[in-house]
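Given the structure of chain A, go ahead and fit chain B onto it with the hints provided.
Protein chains: 2
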Amino acid sequence: MDLRDVAALAQPTGEKIMLLVLDGIGGLPLEPGGLTELETARTPHMDGLLASGDAGLHVPVARGVAPGSGPGHLSLFGFDPLEYRVGRGVLAALGVEFPLQSGDVAIRGNLCTVDDQGIITDRRAGRIPSDEAQPVLELLDGIRIAGAQTFVRPVKEHRFLLVLRPEEATEAGIADTDPGVTGTAAQDVVAGSPASEPAARVAREWLAQVPGVLADQARANMVLLRGFATLPDWPRFPDVFRMRSLAIAAYPMYRGVARLVGMDAIAVEDDPAALIPALRNRIDDYDFFFLHVKGTDKAGEDGDFQRKVDIIEQVDELLPDLLATGIGVTVITGDHSTPARMRSHSWHPVPFLLHGGSGRGHRSEGTAGFGESECAHGSIGSIRGCELMPLAVARAGRLGKFGA
Amino acid sequence: MDLRDVAALAQPTGEKIMLLVLDGIGGLPLEPGGLTELETARTPHMDGLLASGDAGLHVPVARGVAPGSGPGHLSLFGFDPLEYRVGRGVLAALGVEFPLQSGDVAIRGNLCTVDDQGIITDRRAGRIPSDEAQPVLELLDGIRIAGAQTFVRPVKEHRFLLVLRPEEATEAGIADTDPGVTGTAAQDVVAGSPASEPAARVAREWLAQVPGVLADQARANMVLLRGFATLPDWPRFPDVFRMRSLAIAAYPMYRGVARLVGMDAIAVEDDPAALIPALRNRIDDYDFFFLHVKGTDKAGEDGDFQRKVDIIEQVDELLPDLLATGIGVTVITGDHSTPARMRSHSWHPVPFLLHGGSGRGHRSEGTAGFGESECAHGSIGSIRGCELMPLAVARAGRLGKFGA
Chain A
1 MDLRDVAALA
11 QPTGEKIMLL
21 VLDGIGGLPL
31 EPGGLTELET
41 ARTPHMDGLL
51 ASGDAGLHVP
61 VARGVAPGSG
71 PGHLSLFGFD
81 PLEYRVGRGV
91 LAALGVEFPL
101 QSGDVAIRGN
111 LCTVDDQGII
121 TDRRAGRIPS
131 DEAQPVLELL
141 DGIRIAGAQT
151 FVRPVKEHRF
161 LLVLRPEEAT
171 EAGIADTDPG
181 VTGTAAQDVV
191 AGSPASEPAA
201 RVAREWLAQV
211 PGVLADQARA
221 NMVLLRGFAT
231 LPDWPRFPDV
241 FRMRSLAIAA
251 YPMYRGVARL
261 VGMDAIAVED
271 DPAALIPALR
281 NRIDDYDFFF
291 LHVKGTDKAG
301 EDGDFQRKVD
311 IIEQVDELLP
321 DLLATGIGVT
331 VITGDHSTPA
341 RMRSHSWHPV
351 PFLLHGGSGR
361 GHRSEGTAGF
371 GESECAHGSI
381 GSIRGCELMP
391 LAVARAGRLG
401 KFGA
Chain B
405 MDLRDVAALA
415 QPTGEKIMLL
425 VLDGIGGLPL
435 EPGGLTELET
445 ARTPHMDGLL
455 ASGDAGLHVP
465 VARGVAPGSG
475 PGHLSLFGFD
485 PLEYRVGRGV
495 LAALGVEFPL
505 QSGDVAIRGN
515 LCTVDDQGII
525 TDRRAGRIPS
535 DEAQPVLELL
545 DGIRIAGAQT
555 FVRPVKEHRF
565 LLVLRPEEAT
575 EAGIADTDPG
585 VTGTAAQDVV
595 AGSPASEPAA
605 RVAREWLAQV
615 PGVLADQARA
625 NMVLLRGFAT
635 LPDWPRFPDV
645 FRMRSLAIAA
655 YPMYRGVARL
665 VGMDAIAVED
675 DPAALIPALR
685 NRIDDYDFFF
695 LHVKGTDKAG
705 EDGDFQRKVD
715 IIEQVDELLP
725 DLLATGIGVT
735 VITGDHSTPA
745 RMRSHSWHPV
755 PFLLHGGSGR
765 GHRSEGTAGF
775 GESECAHGSI
785 GSIRGCELMP
795 LAVARAGRLG
805 KFGA
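Note that the protein sequences, when read in sequence, are chains A and B.
Read left to right, the first sequence gives residues 1 to 404 (my numbering).
Read left to right, the second sequence gives residues 405 to 808 (my numbering).
Bound conformation, chain A alone:
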């Protein structure tokens, strides 16, 4: 269903909704036949919600596709990530909370090493540490171009954000200069159409200054650019669902994705317990709350099965206090799976539970509690990630009838 269809049905009154995202919550057993991280965790409060709620699995992007953080969250927000595509440059800007403006062209950059013929010998400048990259990136931030502002911001190690703000209106359809391999020179900046030529001109002039500025650097003596992108012109989440909407997250990336769809966002400490006072303080000001827990994903990426279990259990203990703030409908899920066994994001469908509002009640399930196996047999079945938000909104009494 198109977001315009959703917007035509959405009503501005109803219960408050909490979307509690345990990043990368989905997992795998360490041994075939074993339990996943979520199944291992002792989660009496989530199990209690499940007992009078509904469960299922969601596929964030498409079967077999491991989502990045951007698409994974867009899907949870009801935006089909195959339709609502966000460029790598914009994601880089969200990740460092750069205040992108309409018309800016955001680009993901790498510091790299080239020889005296300009041939790339290391695409990541030896994975130069962040503290060593910092002064190099400050040099790049000092480059000045006529007819445009330019900004360079560190991301991590060799990675940085470049933002071009030409005085002329421009599009961002420009090919990557990063050839993706060593042993060749960087690609020229080529605009895909005349509409992207203003940004391409600025990028060329900026790049032309880089070798001089970085002439004294041992290994970070050139840059590679990819993912030229502008802020997308999308429907706003608060308009589509007619809810005043707040993101509460410790990491800028997640606040950024929430702001990208028009939510307000506030930062909290990187501790799930910090979510409780943050939610309680703003409960009267908003209808929808997106709460983000990062630790589960980090533990999964680190291959630390037990730490992921521990964080899930910690969040479970917070649930009663979160719900006591005045939440009517609760969604607990992840933006993707990050099985500790794989140490990476994966394509595995993500368990979710829905509780409160006019739901059906999870009468038919066993007693295994919230987990992948239980959700695979949940009353809602397997759905696309972007179908989850309309279900939550319907439960909250906020979605009207389609047709007469």
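Hints listed in this document are in silico derivations from the structure and should not be mistaken for laboratory results.
As the structure is a computational prediction, the values presented were derived from the model and not from experiment.
Treat the hints with care, since some could be wrong.
[Claimed, not checked] Partial list, derived from the structure: chain A residues whose beta carbon lies under 7 Å from chain B:
| hint | residue |
| --- | --- |
| 1 | A250 |
| 2 | S358 |
| 3 | S379 |
| 4 | E387 |
| 5 | K401 |
| 6 | F402 |
All residues carry an ideal CB built from backbone N, CA and C; glycine is no exception.
Using the frame of chain A, we list chain B on its own:
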């Protein structure tokens, strides 16, 4: 799958199919953990079909979306209601069985109250009773416009149907005059494009006469118009599925939706028992039969859990006689859920059973009988409503192979 794809596969021979719709059959338990209306009902014959059939849940429009009767039935007929949209005016015409012609513009009207400045004080004229509205609507039906015929028909209380039949060809892209709120005047008639101007002109001239005609009325002294629509130009169900198709229904709305997709339709008394002789008498003349039972939806809308149970049980008792007419493949389902607990249409997926023909058999299920929990774990799983008809047609041996 597109209806053109279905049509390319459909074969004109095979078993006879009965689609038995218990309107609003899907429900909710009154208490968490309890039984739904369908689960409460004693349905030995449906349970028997399930024991050698297949079960699942269908989503009529989209997850989280409560369907109106029109979209709900279109979905059962295999027409994706997100693609095949029907205007409110056309639905109003179907509901009173007005014989719409190609080129007619059908409009849903409300009698309303305005003050002497033309400001709306009541959008429904105090929900004027039908018998009081009747003479007012006869006055409106008497309005005459040069270059067009116009028709006014009562719907219920303040609601009426207005049909414009201009001599000129016209489209119906005209904005509602109903502002949706009181304290303001009605909107002007504005055509969205020149192609809709002929109908807009007629609507303006018709509306200009209304204040004079209704000058003596105490509360129904003006009208509001919305949902300007023409008969859609859609594929015909009998052509798509290559079946001679008959609707048997007590209520005009359901015969109307069936006729909209090209079925024949006959009226019966508002008693499920009347379906048996109606089906028996026409069994040789058609391949497909859509039988409609309204009482389940009405009981749900009235919040009468037990009456909904009783009607389901009554229909169950009729099943052997219905099947004995010569039906090969049976589909039993609803067009949407109407939980008595909610007193309204809801978004909850709708249980269905498929029996007869070359089915799989319901081997994997328990013995709970036909109901939401059993169907949530049925062998077919959760599907879109518009996927149900191809499944039934395939079982009946009426759908050929896709590709060589």
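Status of each hint after checking the structure:
Hint status for A250(A) relative to chain B: violated, with the closest Cβ pair at about 30 Å, above 7 Å. A distance limit of 7 Å between C-beta atoms decides the matter here; for S358(A) the minimum to chain B is near 6 Å, and the interface restraint holds. Taken as an interface hint, S379(A) checks out: its beta carbon lies about 5 Å from the nearest beta carbon of chain B, inside 7 Å. Interface hint at E387(A): satisfied, since its Cβ lies 4 Å from the closest Cβ of chain B, which is below the 7 Å cut-off.
Because the beta carbon of K401(A) sits about 5 Å from the nearest beta carbon in chain B, less than 7 Å, this interface hint is met. Given hint, F402(A) at the interface with chain B, holds; its Cβ is 5 Å from that chain's nearest Cβ, closer than 7 Å.
When held up to the earlier numbered hints, the structure conflicts with hint 1 and nothing else.
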